[in-house]
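Visitor: Sequence:
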Amino acid sequence: MYSPTQQFLIYSGLFFAALVFSLLINSVFMRFARTLGMRDEEQTLIRWSSTAKPSLGGITFYILFLACFSLYGLLFPGQSAEALRPDLLGLLAATSLGFLMGLADDAYNTRPLLKLLVQLSCGGILIATGSCIDLFEANWLNVALTLFWVVGMMNSINMLDNMDGITTSVSIAVLIAGAMSILVIGPSDPVYMVLIVGTMASLSGFLFFNWNPSRMFMGDTGSQFLGVLLAFVGIRFFWNAPSIEGHWEVGRQVMSALIVFLLPIVDTTVVTINRLLKGRSPFVGGRDHTTHHLSYAGFSDGQVALVFIGLSLLHVFLTFVMCRYIPVWTELHTWIFSAYALVLFITLFTLTRRTHPPAKS
5 MYSPTQQFLI YSGLFFAALV FSLLINSVFM RFARTLGMRD EEQTLIRWSS
55 TAKPSLGGIT FYILFLACFS LYGLLFPGQS AEALRPDLLG LLAATSLGFL
105 MGLADDAYNT RPLLKLLVQL SCGGILIATG SCIDLFEANW LNVALTLFWV
155 VGMMNSINML DNMDGITTSV SIAVLIAGAM SILVIGPSDP VYMVLIVGTM
205 ASLSGFLFFN WNPSRMFMGD TGSQFLGVLL AFVGIRFFWN APSIEGHWEV
255 GRQVMSALIV FLLPIVDTTV VTINRLLKGR SPFVGGRDHT THHLSYAGFS
305 DGQVALVFIG LSLLHVFLTF VMCRYIPVWT ELHTWIFSAY ALVLFITLFT
355 LTRRTHPPAK S
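Sequential numbering from 5 applies to the sequence shown in our numbering.
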């Protein structure tokens, strides 16, 4: 077993190696695979960017994720069997299925019903391999909530990928929160940290190409893969995480999951409500997300991304406070964090009702 200092050096080396690999492979993709995932003119009109760009980022995410799985046995030779546990094999299968579905969608624009069935299958794989939210005494309620969580997160991450740098930054923040949860709550299998650190590095390398003005998108290939992975992180390190003293507290579980994923949850909720109020399908894309309305309010695309980064880091900090500095959870804590979530929702919802796209000349 390595000492904490040795583990830190391993994780640091892994991060920088994966970061360099991400930068290199994305550079190669940009040079030799410029058309993969490019949308037709109709889809380009729906997207915020007026220029068609390749959707290549998700391929790098998946390659590095597989590499981290494969390298774990070399990094931690005495614990190599841990990567073959049912929950991790289930994660590998579910993320692979999500990746393949996203790849097909980027290439062929798959039907919504097929996407939903695949997303439900991803949730079913996680449940069958032991990654199920444990909140209710009735197991069927836990199964239903887990399916809703996985499908919801896969769609929320996909919908949040509507402006340069947004989903990438928010996903990095969620993974940072997951890593902090591992460190705060206590010793955990290093395999989780290896996967989280490797994915953070791949996202950081991709952000170089995805920051405004972007040169590539992650596409459904990336958003569906990330949706499954982040849903798993939420289940493992927030929904099912005990307190620092080992207590299981429903309020803490729900609030920590809500706060760390608050931005994708709020954006999806606001967009869904507004589209339903206008008689539109919530599943048809448009330039009506909270990010777009910040732009209509006068923010540049880069400033919008910085706002979301700032909020994401705030949510990481709040989650850290929940895990580390609240030994006994009370109803007051639930009310305080619920009030914050409600204020953010009302603020962004009000923004979408009061700002509008500039009139066409």
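Simulated from the structure, these hints should not be mistaken for lab results. Hints are supplied without guarantee of correctness; some may be wrong.
Cβ-Cβ distance ranges computed for the label pairs, FRET-style [claimed, not checked]:
| # | residue 1 | residue 2 | range |
| --- | --- | --- | --- |
| 1 | 152 | 111 | 25 to 33 Å |
| 2 | 111 | 354 | 24 to 32 Å |
| 3 | 335 | 35 | 54 to 62 Å |
| 4 | 113 | 304 | 26 to 34 Å |
| 5 | 351 | 283 | 22 to 30 Å |
| 6 | 70 | 17 | 34 to 42 Å |
| 7 | 85 | 307 | 20 to 28 Å |
| 8 | 70 | 121 | 41 to 49 Å |
Positions of the beta carbon are idealized from the N, C-alpha and C atoms, including for glycine.
Visitor: At the C-beta level, are residue 85 and residue 307 separated by a distance inside 20 to 28 Å?
Guide: violated (48 Å)
Visitor: Should the hint that residue 70 and residue 17 are 34 to 42 Å apart at their CB atoms be regarded as holding?
Guide: Taking Cβ atoms as reference, residue 70 and residue 17 lie about 19 Å apart, which means the hint is violated.
Visitor: Looking only at beta-carbon atoms, does the pair residue 335, residue 35 fall within the given range of 54 to 62 Å?
Guide: Because 57 Å falls inside the window, the suggested range holds.
Visitor: Is it true that the C-beta distance of residue 351 to residue 283 lies inside 22 to 30 Å, as the hint says?
Guide: The hint (22 to 30 Å, Cβ to Cβ) holds, given that residue 351 and residue 283 are roughly 25 Å apart.
Visitor: Within 25 to 33 Å or not, the Cβ separation of residue 152 and residue 111?
Guide: holds (28 Å)
Visitor: Range hint 24 to 32 Å: satisfied by the CB atoms of residue 111 and residue 354?
Guide: violated (39 Å)
Visitor: Does the Cβ distance between residue 70 and residue 121 fall inside 41 to 49 Å?
Guide: Between residue 70 and residue 121, where Cβ atoms are some 24 Å apart, the hint is violated.
Visitor: Quick check on a hinted range of 26 to 34 Å for residue 113 and residue 304, using CB atoms only.
Guide: Holds, since residue 113 and residue 304 (Cβ atoms, about 31 Å apart) stay within the stated range.
Hints 2, 6, 7 and 8 from the earlier list are contradicted by this structure; the remaining hints agree with it.
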